[in-house]
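Peer 1: Letter by letter, the chains look like this.
Number of protein chains: 2
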Amino acid sequence: MQEAQEELALHFDQLLSELRQGHLNEFRELFLSLHIYDQAQFYQSLEEQERERLYTYLSPKELADMFDVIEEDNEHMKDYLDEMRPNYAADMLSEMYSDNAVDLLNTLDKSQVSKYLSLMDVEDASEIKELLHYEDDTAGSIMTTEFVSIVANQTVRSAMYVLKNEADVAETIYYVYVVDTDNRLVGVISLRDLIVNDDDTLIADVMSERVIAVHVGDDQEDVAKTIRDYDFLAVPVTDYDDHLLGIVTVDDIIDVIDDEAASDYSGLAGVNVEEVSENPLKAASKRLPWLITLLFLGMSTASLISHYEELVSEASILAVFISLITGTAGNAGTQSLAVAVRRIAMSDDKDTSFVSLIVSEVLTGLITGAVTGLTIFLIVGIWKHNFTLGFVIGMAMLCAITVANLAGSLIPMLMDKLGFDPAVASGPFITTLSDLTSVLIYFNIASLFLQYFM
Amino acid sequence: MQEAQEELALHFDQLLSELRQGHLNEFRELFLSLHIYDQAQFYQSLEEQERERLYTYLSPKELADMFDVIEEDNEHMKDYLDEMRPNYAADMLSEMYSDNAVDLLNTLDKSQVSKYLSLMDVEDASEIKELLHYEDDTAGSIMTTEFVSIVANQTVRSAMYVLKNEADVAETIYYVYVVDTDNRLVGVISLRDLIVNDDDTLIADVMSERVIAVHVGDDQEDVAKTIRDYDFLAVPVTDYDDHLLGIVTVDDIIDVIDDEAASDYSGLAGVNVEEVSENPLKAASKRLPWLITLLFLGMSTASLISHYEELVSEASILAVFISLITGTAGNAGTQSLAVAVRRIAMSDDKDTSFVSLIVSEVLTGLITGAVTGLTIFLIVGIWKHNFTLGFVIGMAMLCAITVANLAGSLIPMLMDKLGFDPAVASGPFITTLSDLTSVLIYFNIASLFLQYFM
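If you read the sequences in order, they're chains A and B. Sequential numbering of the first sequence, starting at 1, is according to the UniProt record's numbering. Sequential numbering of the second sequence, starting at 1, is according to the UniProt record's numbering.
Each hint can be trusted.
Same chains, same label: a pair holds when it works inside one copy or across any pair of copies.
Below are the DSSO-like pairs computed for lysine-lysine, each with C-alpha atoms no more than 30 Å apart in a straight line:
no.: 1; residue 1: LYS110; residue 2: LYS129
no.: 2; residue 1: LYS115; residue 2: LYS129
no.: 3; residue 1: LYS417; residue 2: LYS286
no.: 4; residue 1: LYS110; residue 2: LYS61
Keep in mind the hints are simulated off the structure, nothing from the lab.
My request is simple: use the sequences and hints to build the entire structure.
Peer 2: Quick look at the structure:
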């Protein structure tokens, strides 16, 4: 890897000097010999003036191949398009795979989108317009329309002929989808199967009629699950009437899995880890809304304790264990939350597991609470020579942990039921909420037993 | 999807009745018409006696195809192998893709592994033995040896001939790797390129000589990054001398990405979310080690506060804000941790970003701390009509958040430097640690200003 990277760096240097010196042919040969991902890395390292020259050196199709691999969340995407001549940009967008073109257009203003669409040829523009209508995070929003489809009553030979012709524009040629005259999906055959069968075999005889397809409105996570479970390279997307609308390829699914993982992780931490900025001012501005919101939630805990200030001044020993109880309950609640969010994401049938998950989490809370409570009972009893105080702390721990587990599982479940992403019920939110309930439980139990441990 | 699932359920019912009634042919026809993932779902729904009959109905090769898609972390894997005749099991293991066979063998006892290896034919066994030697989580440990390789001085026609012959055993036929006489990797050509080129074209003329490969010792996360960045369906694995050893396919990479995401998520929550058990006793036993460890860490915070008990009894108002300060600092530390873990995972060059990340996190902490501190200064000042107290709380907040951000970024960075997975520095650990520093900061500042706010 090290060696390859150094070789690539040398290549980039040479490319840059060819570009600066205006050596069109040398530049093109060297540039096009690179893998498109490396082309994209080189392109993104250029200055605006250099990029402008590059546009005159490459055809819209050549640039489109490279743009297909640039992530659409690249913050400079808009600038790149702006610095191209509008016609060139529109041609490039037409040449891109439709799913990537749509992703890119989705980052632009509406007026820009219609400008580019009006400059494209009518067919490309209408294809893209249709894709732009699908809701975010559905199969429709990530599918591409560049797939290969044939009818069943032809031979392997003629299917291979179709493939050869479409190899240049199709996003994958490794599956060929079989449709009836009404464009309804009736079968699928992989290129592997085409290759091992005789040229004169009828497609109808060798295709698989048991096609696994996803619905255009399915959530992208479900599409990811299908591709992952079946080890597919692509999955067809259909409407309610089984018409073939497009395909989702495995590379897009990897992005989906990455995004979902990052968003779950962000949820648990209460910070968007994908928008990582080196600039502390920007980073702080992203994190402050959550922190300040939680600060106000934390204020209710503070005002609750304030309500018990007299109790604390009478028994200042109680203050010693506030952070231990809130902290431990918060830790237990976070565990519960993570398990619940994960199980909601993994579960196929969400309804049956609702009650069983809650019950299981509360029971888990009772057991962990009992063990933790007993431990702290012994520690406090021995340390402070006061087993009644130990009992108060232990009981509070048991109840606080059980309630934290209930909140940690119930809140994401409810959010899921209400149609929100359960991962939004972040870890910090659960711990801050559990601070409140823990303190309430703690001081109530302490008040009950005050006369016995003081 | 709904409809398809119902159809599949009907299918399973019919399959089960054919199996129970001993209709060999009907069962085989129906079973083999299913996609292997669905075959595996059916197989896993059977009772032991039914599975034992199924082994007599299917060839080791047919069973192997199905076992290739069962995740190796399935807890019943060992039982499945045990209930087969050892020879049948060994034959099945030989027929599986080598990477999957190795994953499966890795879950067994050493004595069992050598039993099966001794029953396999020598060539298969030696291939698997070699793969078993690679360290966990490296490219070597997830690669398969069933790839298609050719030499450069042949035509597209003869390459296609090789492909047809190997299509049945190769894990992917969509890339053909080109090697020299010494088995050094010199090029690659995709099936797409083979198809669009004339049969008489020389491979040497159309192959890509710029092969992106990974080293056998590379971390599986780096392999995942390469496949994801380049949108590959597979990547070749080589040794230091560029000898082609195997390939890693995209379906294995999806599993890697899933596992890494789950382990990061688990780390942040302080619980292994992958070992989800419905049994509360088991779940509690998994979570308690962390909770009890953190409880003891929390005890140091308690004993620290205990040290300041006199201060608290003098100024019980101080107790009101303990959980607010520890909670908010904990939230900020968790944000910092998540960003650091993510950035370590994403960064290509880990050394340069070390200092800049720490500096950036501390500065972010100072800014968020200043804003949060100012907010709480105003709230407390107005609420308690005591701006000196507000100043103490605000200052403590500022310092506690800054220290929490430092800990949240420094600890995962240090773990990464020391060769540990930075995600092990879990969220609960950071928050519990930050409780300690926050309390220390809070009471020290409070002691300094005690005479002014009381």
